[in-house]
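With chain A held as given, fit chain B onto it using these hints.
The listed protein sequences correspond, in order, to chains A and B. All residue numbers for the first sequence refer to the numbering used here, where the first residue is 1 and numbers rise by one. All residue numbers for the second sequence refer to the numbering used here, where the first residue is 1 and numbers rise by one.
Honestly, the hints are just simulated from the structure, not real lab data. Keep in mind the model is a prediction, meaning the values are calculated, not measured. Among the hints, erroneous ones may be present.
What the hints assert, rightly or not - EDC-like cross-link-like pairs, simulated, lysine to aspartate or glutamate; straight-line CA separation at most 16 Å:
(1) Lys29(B) - Asp21(A)
(2) Lys29(A) - Glu48(B)
(3) Lys45(B) - Asp21(A)
(4) Lys45(B) - Asp27(A)
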Amino acid sequence: MIINIQVLEHLARIAMSGRFDFDVHRDFKNAYMPLLDQPAVREIELEMSKIDYLDSAALGMLMLLHERAKDANKPVALLNASHEALRVMEVANFSRIFPMRNGR
Amino acid sequence: MELVEWNDSFSVGNVLMDAHHRIFFETIKEFSEFQDKNNHDAIKKRIEFLIEYAAMHLGAEEKLMRQANYPELDAHKAVHDAFVRELQSVKASFDKDPNSVTAEKIMGIMQDWLVNHIAGSDKRYMPYVQKLQA
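Isolated chain A, as found in the complex:
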């Protein structure tokens, strides 16, 4: 898993590629935690087009991010999730919890 972070004015974008599973727990957390403390960052987007596998722990990691970002008053949106990623995330109704965006 490769995690790349870009901060564009008020928007932080976390781009991930590869397998999003329990093994990246620490790296994923280390990637987003500093963003929650940055006052300039008002929104976080997670670019998911290059994620080719998600497990249940990944859904848990996304929920941890969702709750922590909510506490920091920074909405989190999921971008360009593949059909397979959407299928896994729909097990837990993610489309009713996270804004989902395509084509950016």
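Leaving out everything else, chain B in the frame of chain A:
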């Protein structure tokens, strides 16, 4: 350990709490199927993650109950706090001697608590949360 699958009877009528519960069940199942049972470091990391996830979920649930003016919040929170203490105690035993408690037993404690807690306690806040959502 007999794994429990999430089904609609576990629904508490709130999309976010249902998602939290469902992911909890699925992750317990996934970690229970972890093959390398003798890799104590890998098991320890999984236990730590589940405790972190449980703490996040319980905190979110308490916030929701507070917003819904749930009158039994204090008692419910006390049950949550006792569960977190139990998890920390079991984890401390594992850290001290990984052979003293199996990962399966810890997963079993989490799953049993989740099943009993949703059915016995969480369902009681449903009417208050539904009123909040109306």
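Okay, the hints, checked on the actual structure:
no., hint, verdict
1, Lys29(B) - Asp21(A), "holds (14 Å)"
2, Lys29(A) - Glu48(B), "holds (14 Å)"
3, Lys45(B) - Asp21(A), "holds (13 Å)"
4, Lys45(B) - Asp27(A), "holds (13 Å)"
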